[in-house]
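Asks: Assemble the complex: chain A is given as a structure, and chain B must be docked to it using the hints.
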Amino acid sequence: EAGVAQSPRYKIIEKRQSVAFWCNPISGHATLYWYQQILGQGPKLLIQFQNNGVVDDSQLPKDRFSAERLKGVDSTLKIQPAKLEDSAVYLCASSFLLAGDYEQYFGPGTRLTVT
Amino acid sequence: GQNIDQPTEMTATEGAIVQINCTYQTSGFNGLFWYQQHAGEAPTFLSYNVLDGLEEKGRFSSFLSRSKGYSYLLLKELQMKDSASYLCAVLRGYSTLTFGKGTMLLVSP
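Here the protein sequences come in this chain order: A and B.
Heads up: the first sequence is residues 877 to 991, going by the numbering used here.
Heads up: the second sequence is residues 119 to 227, going by the numbering used here.
Since the hints were derived computationally from the structure, they do not count as laboratory data.
Just so you know, not all the hints are guaranteed correct.
Said to hold, decoys possible - 20 Å max Cα-Cα, derived EDC-like pairs, lysine to aspartate or glutamate:
(1) A/Lys-891 <-> A/Glu-979
(2) A/Lys-887 <-> B/Asp-170
(3) B/Lys-219 <-> A/Glu-979
(4) A/Lys-920 <-> A/Glu-961
(5) A/Lys-954 <-> A/Glu-944
(6) A/Lys-954 <-> A/Asp-939
(7) A/Lys-920 <-> A/Asp-933
(8) B/Lys-194 <-> B/Glu-127
(9) A/Lys-920 <-> B/Glu-195
(10) B/Lys-219 <-> B/Asp-170
(11) B/Lys-175 <-> A/Glu-979
(12) A/Lys-920 <-> B/Glu-132
(13) B/Lys-194 <-> B/Glu-173
(14) A/Lys-920 <-> A/Glu-890
(15) B/Lys-194 <-> B/Glu-132
(16) A/Lys-947 <-> A/Asp-977
(17) B/Lys-219 <-> A/Asp-962
(18) B/Lys-175 <-> A/Asp-962
(19) A/Lys-891 <-> A/Asp-977
(20) B/Lys-186 <-> B/Asp-123
(21) B/Lys-219 <-> B/Asp-123
(22) B/Lys-219 <-> B/Glu-127
(23) B/Lys-186 <-> B/Asp-170
(24) B/Lys-219 <-> A/Asp-939
Values in this document were obtained by computation on a predicted structure and should not be read as measured data.
Bound conformation, chain A alone (with noise of 0.2 Å):
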């Protein structure tokens, strides 16, 4: 089976630019995650989407950091205008979380850095 997509894999842009990440899950995933994970630290929790639904979105900033799925299916998330801070992997995972099953299956990342 596919794993998670995610492109493009590595990303420079300069602060105060805007750039796209795209992630395309697993067959048949519903749940959906976008983490942010500096170097040395675990993955944070962004945004978590059920279908084309938002279910968590409480650690994304909101001021310049947008995130959508509407087809239930591949996602996108935007960072407009970026900071030095943002510099870090953007990693997307997926899960079908039925019968127990909550393990999440993770894209193998777009490293951004902003200069």
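Replies: Showing chain B alone in chain A's frame:
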């Protein structure tokens, strides 16, 4: 709030056994995950414990004590490829995972 603690770094030699501890404080606990993350790669699932006790899977075992808010990951017969970051993550409800900062394990020859 939530608090998840694990050591920042550990070192061990090839063939040895290492135990990585994780302590947590959280509400709505519904299990604890361990993930492995090699540098520059995505986290990959190692184990999930929801009941007290030890779960063994090949060279890796994971233990949970809910009353103590404590878990450990035990790695036996260490190999060089086990050098990675090991992430402890607490599940709240059905889908909310909160990760610790990770333990960087360095295996030397």
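Asks: Confirm or reject each hint.
Replies: Right, here's what the structure says about each hint:
no., hint, verdict
1, A/Lys-891 <-> A/Glu-979, "violated, 35 Å"
2, A/Lys-887 <-> B/Asp-170, "violated, 43 Å"
3, B/Lys-219 <-> A/Glu-979, "holds, 19 Å"
4, A/Lys-920 <-> A/Glu-961, "holds, 14 Å"
5, A/Lys-954 <-> A/Glu-944, "holds, 9 Å"
6, A/Lys-954 <-> A/Asp-939, "holds, 11 Å"
7, A/Lys-920 <-> A/Asp-933, "holds, 11 Å"
8, B/Lys-194 <-> B/Glu-127, "holds, 17 Å"
9, A/Lys-920 <-> B/Glu-195, "violated, 31 Å"
10, B/Lys-219 <-> B/Asp-170, "violated, 23 Å"
11, B/Lys-175 <-> A/Glu-979, "holds, 16 Å"
12, A/Lys-920 <-> B/Glu-132, "violated, 32 Å"
13, B/Lys-194 <-> B/Glu-173, "holds, 14 Å"
14, A/Lys-920 <-> A/Glu-890, "violated, 23 Å"
15, B/Lys-194 <-> B/Glu-132, "holds, 10 Å"
16, A/Lys-947 <-> A/Asp-977, "violated, 23 Å"
17, B/Lys-219 <-> A/Asp-962, "holds, 18 Å"
18, B/Lys-175 <-> A/Asp-962, "violated, 37 Å"
19, A/Lys-891 <-> A/Asp-977, "violated, 40 Å"
20, B/Lys-186 <-> B/Asp-123, "holds, 13 Å"
21, B/Lys-219 <-> B/Asp-123, "holds, 8 Å"
22, B/Lys-219 <-> B/Glu-127, "holds, 11 Å"
23, B/Lys-186 <-> B/Asp-170, "holds, 10 Å"
24, B/Lys-219 <-> A/Asp-939, "violated, 26 Å"
Going down the numbered hints, you'll see the structure goes against 1, 2, 9, 10, 12, 14, 16, 18, 19 and 24, while the others check out.
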